[in-house]
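Undergrad: With the hints as constraints, model all of the structure from the sequences given.
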Amino acid sequence: KRDVKGLYAKARAGIIKGFTGIDDPYEAPTDAEIVLDTVNNDVEACADQVLHYLIKAGYLKDGEA
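When we follow the working numbering, the leftmost residue of the sequence shown carries the number 126, and every step to the right adds one.
All the given hints hold, so there is nothing to weed out.
Cβ pair distances, simulated, as ranges:
1) D187 with N165: 24 to 34 Å
2) K142 with Y184: 31 to 41 Å
3) A172 with R127: 14 to 24 Å
4) N165 with L185: 17 to 27 Å
5) P150 with K130: 18 to 28 Å
Quick caveat, the hints were computed from the structure, so don't treat them as lab data.
Note that beta-carbon positions come from the ideal geometry of N, C-alpha and C, so glycine has one too.
TA: Printed below as a string of structure tokens:
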């Protein structure tokens, strides 16, 4: 069960308003800094892509991760 806190159930019941994907539409980012292809890449490849981006963007130093 993924809704361990019951938030989706509460949103569907109308207890929580403005819940993305229930009564508030999902808005895909228009200018994402990084996009991961999780359909065609495994977790390790996606993690490598994130780490490479963080190093290239200066958030991490090479060898820190």
